[in-house]
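J.: Residues per chain, in single letters:
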Amino acid sequence: MALLEVKDLKVRVEEREILHGLTLTVNEGEVHAIMGPNGSGKSTLSHVIAGKPGYEVTDGQILFKGEDLLEMDPEERAAKGVFLAFQYPVEIPGVATMNFLRTALNAQRKARGESEYSTPDFLKKVREVSKSLNIPQDMLKRGVNVGFSGGEKKRNEVLQMALFEPSLCILDEMDSGLDIDALRIAADGVNALRSPKRAMVVITHYQRLLNYIVPDFVHVMSKGRVVKSGDKQLALELEESGYTQFEDAA
Amino acid sequence: MNVALAKTGTGRAVSDLFTSAEGRLPGSPAVIAVRRQAFETYERLGLPHRRLEEWKYTDLRALVGEVLPLAATPDAAALSRAAEAVKAHGFAGARKLVLVDGMFAADLSDVKALASEVSVKTLRETLEKESGDLLATASTDAMISLNAAMATDGVVVSIADGAQLSAPIQIIHIATAASASAFTRSQLRIGNGVRATIIESFVAAGAAAYQVNDAVLVTIGDNADVAHIRLMDDAPDAVNITSEIITVGANTKLNFFNMTTGGAVSRLQGFITLAGEGSELAVNGVNLLKKTEHGDSTLVVDHAVPHCTSREIFRAVIDDRAHSVFQGRIIVRPDAQKTDGKMMTRALLLSDEAEADNKPELEIFADDVSCGHGATAGALDDSLLFYLRARGLPEKDAQALLIQAFVGEAIEQIADDDLREHVIGIAERWLERRS
Ligand SMILES: Nc1ncnc2c1ncn2[C@@H]1O[C@H](COP(=O)(O)OP(=O)(O)O)[C@@H](O)[C@H]1O
Ligand SMILES: [Mg+2]
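Top to bottom, those sequences are chains A and B. For the first sequence, the positions run 75 to 324 when the working numbering is used. For the second sequence, the positions run 19 to 453 when the working numbering is used.
These are calculated hints, taken from the structure and not from any lab test. A couple of the hints might just be wrong.
Example chain A residues on the side facing chain B (calculated, C-beta under 7 Å, incomplete) [to be verified]:
#1 Ala124
#2 Pro148
#3 Ala152
#4 Gly168
#5 Ala178
In silico DSSO-like pairs for lysine-lysine, Cα to Cα no more than 27 Å straight-line [as the list claims (entries may be wrong)]:
#6 B:Lys74 x B:Lys360
#7 A:Lys306 x A:Lys139
#8 B:Lys105 x B:Lys139
#9 B:Lys308 x B:Lys414
#10 A:Lys215 x A:Lys184
#11 A:Lys227 x A:Lys199
#12 B:Lys414 x A:Lys215
#13 A:Lys227 x B:Lys414
#14 B:Lys105 x B:Lys308
#15 A:Lys154 x B:Lys414
#16 A:Lys184 x A:Lys154
#17 B:Lys130 x A:Lys184
#18 A:Lys297 x A:Lys271
#19 B:Lys130 x B:Lys105
#20 A:Lys126 x B:Lys414
Covered stretches of chain A (chain B as the covering partner; in silico rule of three or more C-beta atoms under 8 Å from a C-beta of chain B) [stated by the list, open to error]:
#21 76 to 90
#22 104 to 112
Nothing here was measured: the structure is a model prediction, and the numbers come from that model. Yeah, the Cβ is synthetic: ideal placement off N, Cα and C, and Gly gets one too.
Just chain B, with the same shape it has in the complex:
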């Protein structure tokens, strides 16, 4: 009875959302038709709930309930607040591409400073002048369909073959509008032989209780070396559901990292396909959660071809009544012999009411492979805490030092010294907020 009511309620809210937003959604009538179709898919599925295997631990009907109306196009005041946020959260030396409340903000972005091998368009202009292709994905996920229906903007980045980018590209999502939603969709086309660092940051500029639904479509060519760092540092009462759909070519190295340090409900769902032989994938992540926060990292690594390796290291630090979810699936297709795939997840529970769910899944259809997973969950070690306190560290500082060491095992996988320090700085600020 309750469920049926929730479903009707939710369906109606989104339905209103789509009709009222339709006039603001970019694209030709053909594109709008694609959106309408995506929306119908969403409406058929409704908000994901616990009876869906993929969303078992993150029941959006219970946790979120409804999708908020589209945020207004940011005005001058909003943009000036966003400019402050860019200063506060920008990574020094990065070329910034800024999305404010779901709209590309050209004045806050460094488009002119980009290397000549990098081209950037907005999703908006692509949908208006080209086609609706970017709204299509093979996914049957309700939130990705909703994203296709509602996306207002995003960045379409192409990096030409052979480009060696010295400056990272940082896409910064800034929320300035309270109690509103931003839907963004971006594409990263990274050519053969490219060396590049991409950072995606999600932050608030004064906004509370906002919702983000972001999707990023990434293709990486052969012989590339890419670091892709995501920092979900949202306001404490925000909702952020974000999907990464990544295809990796041959002999490429991809170092993918996500850290969640805020948000009432956060989910990163990553679908990474190793489509070329000889590639090395590292997927690392950190969840730092407190109060009643819910953070979910759901990763599907699909070994579609032979001779690739994947390594996943996840660390969750969970305080108060927070809830961390890690779902890691490794698929090894029948042809993908000599696959080497491992994942290891560890949760540190700082309170008796903290909760960690871990669901590893291996779907192996080839016989000559090496795959494995491991998981641990536990509290801070009392004997280590006492040792540090006996040396003069106050209890909170002793805890902080041990927590930093714990998440350090994932963070140290970031190769660039400055970027690693930047990430450590965000983790340190989380620790300071805790005490």
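Next up, chain A with everything else stripped away, as it sits in the complex:
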């Protein structure tokens, strides 16, 4: 069974249709890249999969492990293994990162009927993962993303991904605002999480990221649809020829 099936999805925001019948199938273990120009609807797709309020699905379906994802609250989706690494992670003053991580992890475990993590186990795990991502411990004492640089915010997203162990990771423009060193650290973190049980959807505007996170499939999005699919070769072609050829096709 496919892990994620998006079927003929139509989505409106404020009376305007943004996705016009989008279809995408992702199986366990696969890494899919979604590329496309700004405004083509990539973030909209990621938000609808994660359950962000404010989007109206007028047609189509999203199944996750065979279940209707659109019927679930965002927190339910998270507990079932959907994770979105945000393009713009928000700052939450007054909520210490460590406290947030523990509260979120235990909320997910509770929803799945699992026992809470013990504090030493939790701390050990956070320490391990944050070390591999080059995240200093004192950053974890600060408010969530407060005063973090762009690169630190993205690494904090990868840290959460590693802690929560989701089965579907959607990475929305993980490379935006990152210099090459920061990008490499974050990509290494993501690659470490690749597994036969886990699928990833890597959304990006540029081919550059795909040198570090090498996809099995590449989809080109334009104006709210997938207009072409292929293997990693397609990303290289796009680098040469740009997106304009698809603007007309869409």
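We have chain A already, so just place chain B with the ligands on it with the hints.
T.: Structure of chain B with the ligands alone, referenced to chain A:
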């Protein structure tokens, strides 16, 4: 027409109240004369209403209507319920002074465990054996006058110069009598160089629909360092009007904090005078209100001398149809050059019908000062809520985390770790009751 009726009705109720209570009010005939005078002042003014500038947003005639009869002196059953409340609401390690239904409860209090530099008497014995001085204040406020007329008891605490108190003193007001009033008046005399923490807690032990009118007269000497923490955690249908009249000496630090987490109608009115140079005042507060609750923090900070600073941080969280009021006045007297006074108030509205009123006032009569105020009101940020939910937090938990962070900005001004945790615990219980 309605107003006139309300006034007559109210006046008659209180009048009955005073005559029927007179036999139970402590004090010599001279003291009773002082009370009668205070009562006449009250009767002339009546219950405060919206046409009085100071009570504009808290119209007691509309919100409360009448003053309930005096609570009976607590019996054994009441005292045993109060003992449970002391266990539940006492701050670990604090020396407790307990007032039950307006009467000092010696058996529930830790008078013997107090440090040798601390002396405690009751208001009752002071009025009976000494004088009626404690009933006199310069205030023209109707509720403070009513308090002077009706106060049945209170604690008179003196802390000697130089005392460094390791244990906080906690005054716990406990209501056990339903549909009755408690009037208390206390005095805190805090000497020079004292370091102390004073906590005042207002709680119920099974009582509903009670009324509290409390007044506290505080004087703090020079070079002192005082934390004064107030926790108004009353029953949901209670009324609590409480007045703090505080005078601060020179080079003293006062960290004053109030949190309201209950009560149909609550008002803290604080009148703080900075009377000695070089002092630093922090006034912080949190209102957590739901249903139809009304919570009012009215603070007057009077910079009477130069070179003092005052900082006020207020946070209100307002759910359902609740109403939060913050009135902050900073007065800078002509001599009070180099005054630095700021206040910042923020309201978090959890429902469309929640209401926040904010009235800052700066009365500045000196020219070389730095004063300011700011205010915001708004809902929880949807993008933050979604981020937390996308990480697995149920909606109520996500809200709770953001609310805690919001009030944390005021609560974190409490320096003592244990006391801060105690206060956070009360806020958390409010959040649990909400969901
Ligand atoms: N909340 C919103 N309100 C109105 N229009 C929106 C909103 N979010 C996205 N859009 C519009 O939807 C289109 C797709 O946006 P988005 O999904 O962010 O694209 P991408 O991530 O591919 O750059 C854009 O035209 C954008 O302006
Ligand atoms: Mg985008």
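J.: So, against the hints stated earlier in the document, which numbers end up violated here?
T.: 17, 18, 21, 22
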